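Trainee: Protein sequence lines correspond, in order, to chains A and B. Per the numbering used here, numbering of the first sequence is gapless, rising by one per residue and ending at 212. Per the numbering used here, numbering of the second sequence is gapless, rising by one per residue and ending at 379.
No lab work stands behind these hints, which were simulated from the structure alone. Just so we're clear, the structure is a prediction, and the values are computed from it rather than from any experiment. Certain hints may be false.
As the list claims (entries may be wrong) - Here are the computed distance ranges between Cβ atoms for each label pair:
| id | chain 1 | residue 1 | chain 2 | residue 2 | range |
| --- | --- | --- | --- | --- | --- |
| 1 | B | ILE379 | A | LEU12 | 38 to 46 Å |
| 2 | B | LYS366 | A | VAL48 | 33 to 41 Å |
| 3 | B | ARG279 | A | VAL48 | 33 to 41 Å |
What the hints assert, rightly or not - Partial selection, computed: residues in chain A whose CB lies under 8 Å from chain B:
| id | residue |
| --- | --- |
| 4 | ILE103 |
| 5 | SER144 |
| 6 | ALA156 |
Each residue gets a CB set at the ideal place from its N, CA and C atoms; glycine is no exception.
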Amino acid sequence: MSLTDEIKPMHLDVLREAGNIGAGNAATALSQLLNKKIDLNVPSVRIVDFQEMQNMAGGEEKVVAAAFLRVTGEAPGSMFLILQKEEAEELAFSLTGKEVNIIDDSFDELAASALRELGNILAGAYLSALADFTSISMQPSVPSLAVDMAGAIISAGLLEISQAGDYAIVIDTVMEEAGKEEAANANGQFFLLPDPEAFYKIFQSLGVEWND
Amino acid sequence: MTKIQEGQVVKVGMADWKMAAAPDTVRTSGLGSCIGTVLYDEKQQLAVLAHIMLPDSGMAGNKEINRAKFADTALADIFSVLQRKGCRMGQLKAKLAGGAQMFSFSSGSEMMRVGPRNAEAVKQILRNCNIPVTAEDTGGNKGRTIEFDPQTNKLSIRTVNQGESYI
Numbered sequence: 001m002s003l004t005d006e007i008k009p010m011h012l013d014v015l016r017e018a019g020n021i022g023a024g025n026a027a028t029a030l031s032q033l034l035n036k037k038i039d040l041n042v043p044s045v046r047i048v049d050f051q052e053m054q055n056m057a058g059g060e061e062k063v064v065a066a067a068f069l070r071v072t073g074e075a076p077g078s079m080f081l082i083l084q085k086e087e088a089e090e091l092a093f094s095l096t097g098k099e100v101n102i103i104d105d106s107f108d109e110l111a112a113s114a115l116r117e118l119g120n121i122l123a124g125a126y127l128s129a130l131a132d133f134t135s136i137s138m139q140p141s142v143p144s145l146a147v148d149m150a151g152a153i154i155s156a157g158l159l160e161i162s163q164a165g166d167y168a169i170v171i172d173t174v175m176e177e178a179g180k181e182e183a184a185n186a187n188g189q190f191f192l193l194p195d196p197e198a199f200y201k202i203f204q205s206l207g208v209e210w211n212d
Numbered sequence: 213m214t215k216i217q218e219g220q221v222v223k224v225g226m227a228d229w230k231m232a233a234a235p236d237t238v239r240t241s242g243l244g245s246c247i248g249t250v251l252y253d254e255k256q257q258l259a260v261l262a263h264i265m266l267p268d269s270g271m272a273g274n275k276e277i278n279r280a281k282f283a284d285t286a287l288a289d290i291f292s293v294l295q296r297k298g299c300r301m302g303q304l305k306a307k308l309a310g311g312a313q314m315f316s317f318s319s320g321s322e323m324m325r326v327g328p329r330n331a332e333a334v335k336q337i338l339r340n341c342n343i344p345v346t347a348e349d350t351g352g353n354k355g356r357t358i359e360f361d362p363q364t365n366k367l368s369i370r371t372v373n374q375g376e377s378y379i
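For reference, chain B alone in the conformation it holds in the complex (with noise of 0.2 Å):
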């Protein structure tokens, strides 16, 4: 007997990354001003959806990091496996959403700008990596959840206030 195959959601934490091939989803939830940074192949039905939280590894000093924290490795990394899964540079599309300011202080602390940062910092990576950014929702004051269907190419955003919208 046939059975017609249900795709699983795929989870995505803070300062991770994971991958999804259709007919799975991929999802990340309570992103504020982290961005949530999806990578798609068209051709091969494949997304990676990351949850980054700081613009550039260089914040963090000599230590050992959490290289999906930042926008620099976590991107460097998923370049690298999407490649080894035959993935072509530029056959990758990206959507991104989240980057917002949750807070605001009269003080200004750089650290609270950090999301319009974070979004700045991804979109620079991927004009250097001539990957074109097809859609985004960045910015502004709210959080958002986030979901992929790489089977239709289809960010679906939910917020608080605004319901449920797709880009």
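So here's chain A without its partners, still in its complex pose (with noise of 0.2 Å):
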């Protein structure tokens, strides 16, 4: 049985208090940072295959902004942190007080680490959060960052999962900032896709029955 076979509704609900915990902290983190007021949507927990996973990020060929990093520890998995373009301009501006355009050489050396660095903060409250509601420790890589088409970079991310299956489950939760315009589209999202080993340790945890 493979285990988007197995998982039930129950299992999602669990993920996405787990996604909503980790968030919450993040969130608030960025709004320290930012000095302004974010909002966060309630995560959504998708079973979902790779294609939908690439329209997810907005599209295969969307040039995205992402912090990658790799999740140790006994619940391995990858997470993101997905900026589209004006997000990632915005906040790269808010941060070194420079305008920058990502696909262009004005996105240098400083802009970059500066994303990079937003990246390890968000994630780090993310994760920090959800150890703690899992009692499972979690040790999260530096993350890396990359300017690239969203189908390219999502797959990255599948690497692991794809050895086992043809698809993922993922926890993505949307950030913006409070009382900004829909139409401007500009928000991050955080994707957490936990390795296929990973699932039993995290039910187990949460006392949540899993037949593996």
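With the hints in hand, could you dock these two chains into one complex?
Mentor: Here it is as structure tokens:
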């Protein structure tokens, strides 16, 4: 039986709650960093094929800035902070005071390292809340940053999963600045992609029954 | 009334492959560590584009697998379909693009190097079958969108920073 046959709505609810707690902490960290109110959408937890996963990030060819890190420990996985182009440029401006365009030379090492550090802080906040909630120790790697097509970026996080199957369980949380026009479409997304073997550990820690 | 035949663009998703005959073209978007492998027959103006994710089906264990995901199983299937279509192995040529490493980590996990390993696995199989690689754009750390035209045998490669080029 594959993972995606075994998983029940109850399991998705538990993962949604875990994502909510993690992203809540990350949004607080971002709000303090920028001194702005950040809104958080209720996370969606979905079982998606690889194509849908790319679409969730805006489409295969959409240019995004992404901080990617691997989580090691008892519940390994991959994590992304995906920023759409406008959002990445706005955040780089807030943090460095310089106007940049992420797809040309104005996106210098300073702007890149500011976004990488942002990824580090937010992912750290997300994972530490998640680790407290689940009592599972999670060690994030230092994030790596890339600006490229969403398809190319997302595939890096699918490698572990793709060995075992053709579907990913992804916890997707959208953050946006409070009171912003929706049309601006500037938002940041967290994707948490637990490796297949991590689910048993997560459910066990939270006292949810799981037939492995 | 006769109409000039316009080609369609056949789209290939991740871990999939498709065939196109002129005047159609075949395209895949957002290749990162995956490798886009084009096998084409100039005489028949026929091409297959595979969007391969992983080098070896042995990585999946004994589970039922999507054969299009792995270099070994995808190419084996493509060869047999092309042969059924009347292509001779000796006439096939290949073009490759992709196999990048999108993120770098100092810890150097083997999985992160999968791009170069994908390229190497595909080339090894092609060497064993005596299929020449006439052009390639592999490695680096950039995503690529590629489109092959079986009429001209040109592979267009688009990246975010360097625009479009042809190999």
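Trainee: Under the constraints set out in the numbered hints, which ones does this structure not fulfil?
Mentor: 3
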